[in-house]
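Undergrad: Chain residues, written in single-letter form:
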Amino acid sequence: MEGKRTIWYKTAINEAMREEMERDENVFVIGEDVDIFGGVFKITKGLVERFGNRRIRGTPISEAAFFGLATGAAMCGLRPIVEIMYVDFALAGMDQLINQAASSCYMSGRKVKVPIVFRGQYGSGTREAAQHSRSIESWFVNTPGFKVVMPSTVYDAKGLLKSAIRDDNPVLYLENRVMYTRKQEVPRGEWLVPLGQAAVRREGGDITVVATGGAVQKALTAAEELAGTVEAEVIDPRTLDPLDMDTILASVRRTGALLAVQEGVVKAGFAAEVIRRVSEEGFDSLKRPPRALGAWDVPVPFSPVLEDAAIPQAETIRSAILEVLGERR
Amino acid sequence: MEDTETVRVKDVTRSERIEMLRQLILIRRFEEKVKELYNRGLVIGAIHLYIGQEAVAVGVCRALRREDYVFSTHRGHGHAIAKTLDVGHVMAELMGRDTGMSRGHGGSMHLYDPDRGLMGGNGIVGGGVPLGLGGAFAAQYRGTDQVSVSFFSDGAANQGTFGESLNLAALFRLPVLFVCENNQYAATTPFARSTAEADVAGRAESYGLTAERVDGNDVLAVYEAAAKTVTRMREQGGPGFLECRTYRIEPHCGIIPDEREPGEREGWQEKDPILILRGRMEAENILDAAQLAEIEAEVERELEQAVEFAEAAPWPDPAAEHNRDWVV
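From first to last, the protein sequence lines are chains A and B.
Counting the first sequence from 1 gives a position; my numbering is that position plus 81.
Counting the second sequence from 1 gives a position; my numbering is that position plus 426.
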């Protein structure tokens with residue numbers, strides 16, 4: 082399969098599911114509206130026509146029940162992909178995610194495995210207020226039993242999801258809503274991106290910026306704006322758990338400066354966790370105090386003026402980079 | 427109706443009855459042993475005893491095959507034994523040992539043996555009910571005639587997962603058997619103070635399920651209802667529902683005492699599931715004192731060996747990678 086083509090981020094997710102379902106009969110998709118409507122964001126478009134209702138299973142609005150159904154099915158040897166319409170809605174089924182899916186394998190002494198992917202869209206910037214704009218990645222990094230994946234490119238969206246589906250652990254795969262219609266050039270055919278490997282999105286020697294999900298593009302924009310004055314290295318962990326510390330530490334050894342950015346709340350969050358790890362494992366490399374940047378400590382506000390201010394933007398990231406380096410401008 | 431049921435109960439062979447009696451006694455003596463070892467500090471943690479409810483686990487699991495799935499509860503020792511788990515490994519798990527059923531990672535509430543279809547207990551009341559749908563979904567998906575059982579209690583019937591699961595099971599026609607062990611208490615709150623409408627089975631009917639109301643202390647009645655329902659589920663698909671009315675003799679957890687109405691516990695002890703089956707077998711002249719003594723002795727030996735195995739079992743090694751990491 083030679084040549085390149087340009088596809089949407091959401092098409093990449095659809096392709097990953099389609100290919101894995103072709104490859105493995107045990108893979109099925111379950112969630113609200115995934116069959117008749119192709120999901121409200123059309124991520125499962127065309128799958129019911131190809132695989133039928135046995136494998137593409139639309140559900141009532143019963144997160145606890147269909148999360149539990151899928152978890153139980155995974156314990157019994159199937160490989161479910163569960164679509165969460167908005168990750169905020171996952172909270173209605175949180176017991177099934179945390180106490181059941183995440184815990185069962187370890188609690189059983191590994192007698193049962195739970196090979197399951199919970200995937201859904203998250204993020205802010207679409208003026209939908211707190212209950213439709215949540216970032217939940219930090220909670221799941223804090224939960225033993227979940228791998229946490231946040232693709233920020235079209236290429237990764239497909240390659241990471243395929244790896245997630247083949248993984249024997251529960252995986253939370255977080256799709257950035259704003260990126261669904263972003264287009265990028267990708268190869269034809271199949272590829273995998275392994276879980277647990279960060280990507281260096283931009284090289285630079287002055288500061289390491291670790292950014293996740295929707296913050297990656299914003300960090301790159303900030304870095305380009307500063308180019309010539311400050312050369313920022315932008316690292317996208319891609320998988321928050323397991324976290325590729327080697328790539329982050331190697332970068333900090335070169336730059337001596339660190340900014341960690343996420344769109345979610347910064348308090349006790351993933352960005353703070355990056356600072357903790359680097360402080361513990363690479364303190365001697367740091368030439369100046371590191372910084373964690375994230376959302377305000379409020380439920381995501383509705384008004385565009387407030388929402389944009391509450392969530393880190395390219396501008397905020399640019400200022401933060403300069404602050405870490407002690408250069409105010 | 428009455429006649430048909432009587433005939434069915436009579437169809438249960440003597441050897442099956444003996445085996446059910448043996449299991450009832452094994453569960454009872456196991457729980458008594460657990461209590462004793464708990465008081466000696468050998469069994470640890472949150473222990474929920476099954477005494478008084480044995481007929482439910484034994485009657486339901488008698489209607490199952492080894493490969494049928496069971497999703498159990500926090501009060502799950504009886505389900506584990508009725509699913510024929512090795513009592514030594516179960517006891518070792520209750521003591522937190524490395525060779526315990528779950529390698530000391532789960533304890534009393536988290537016993538698993540997928541080879542025998544036991545897909546785990548659950549520390550969350552109502553948490554395991556939706557998981558049971560998954561076992562049924564897997565069977566339906568693969569086209570096998572396995573069934574899946576979700577055990578839960580009257581307490582769990584007030585959780586949201588209960589209603590959600592009933593609807594989904596009926597909607598998808600999943601071969602899941604919901605078994606409500608109505609033991610009259612949710613933790614320490616009596617049924618009447620937790621539940622506005624007392625007919626739990628009626629709630630299942632309102633979701634479109636066929637439900638049976640069963641004397642949960644009569645193992646033959648439970649077996650018959652379960653067998654009938656499971657047969658229908660294997661042949662025609664779709665869910666089933668049993669409300670087994672029974673009584674939790676012991677406190678909710680451990681040895682923390684709870685209050686009961688005067689005479690309530692004693693009244694139920696007269697309807698003890700072991701006494702009911704024993705009495706019936708004696709009346710039918712298929713059990714005498716010597717045979718009963720033999721069963722008791724056999725159970726005693728099995729438990730002695732189990733405790734011996736568990737006490738000698740090694741502790742988990744905190745340095746071992748599989749204890750420190752969850753990844754598979």
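None of these hints come from the bench; they were simulated from the model.
All C-beta atoms in this analysis are idealised placements derived from N, C-alpha and C, irrespective of residue type, glycine included.
Any given hint could be a false lead.
[Said to hold, decoys possible] Simulated pairs of lysine to aspartate or glutamate, EDC-like, Cα-Cα distance not exceeding 20 Å: (1) Lys654/B x Glu462/B; (2) Lys194/A x Glu747/B; (3) Lys461/B x Asp684/B; (4) Lys194/A x Asp524/B.
[Said to hold, decoys possible] In silico negatives: residues of chain B with every beta carbon more than 12 Å from chain A: (5) Arg529; (6) Gly546; (7) Gly549; (8) Gly553; (9) Gln572; (10) Glu590; (11) Phe598; (12) Leu600; (13) Gln610; (14) Thr657; (15) Cys679; (16) Val754.
Undergrad: State for each hint whether it applies.
TA: Here is how each hint holds up against the structure:
1. At roughly 38 Å between alpha-carbon atoms, Lys654/B and Glu462/B are farther apart than 20 Å, so this suggested pair is violated.
2. Taking the CA atoms of Lys194/A and Glu747/B, the gap is about 17 Å. The hint holds against a cut of 20 Å.
3. Taking the CA atoms of Lys461/B and Asp684/B, the gap is about 16 Å. The hint holds against a cut of 20 Å.
4. Of the pairs offered as hints, the one joining Lys194/A and Asp524/B holds, with about 19 Å between alpha carbons and a cut-off of 20 Å not exceeded.
5. Against chain A, the non-interface label of Arg529/B is violated: not every CB pair exceeds 12 Å, the least being about 3 Å.
6. A beta-carbon of chain A is positioned within 12 Å of the beta-carbon of Gly546/B; the least distance is around 6 Å.
7. Its beta-carbon lying about 7 Å from the closest one in chain A, Gly549/B breaks the requirement of being farther than 12 Å from that chain.
8. Against chain A, the non-interface label of Gly553/B is violated: not every CB pair exceeds 12 Å, the least being about 5 Å.
9. Gln572/B, annotated as away from the interface, has a beta carbon of chain A within 12 Å; the closest lies near 9 Å.
10. A cut-off of 12 Å between C-beta atoms contradicts the statement that Glu590/B is not in contact with chain A; the least separation is 4 Å.
11. With a least CB separation of 8 Å from chain A, Phe598/B falls inside the 12 Å interface cut-off, contrary to its annotation.
12. Its closest Cβ contact with chain A, about 8 Å, brings Leu600/B to no more than 12 Å, contrary to its assignment away from the interface.
13. Once the 12 Å rule is applied to beta carbons, Gln610/B is consistent with being away from chain A; the minimum gap is 25 Å.
14. Residue-level check passed: Thr657/B sits 21 Å from the nearest beta carbon of chain A, beyond 12 Å.
15. The non-interface label for Cys679/B is consistent with chain A: the shortest C-beta to C-beta separation is roughly 18 Å, beyond 12 Å.
16. Listed as a non-interface residue, Val754/B fails to keep its Cβ farther than 12 Å from every Cβ of chain A; the least gap is roughly 5 Å.
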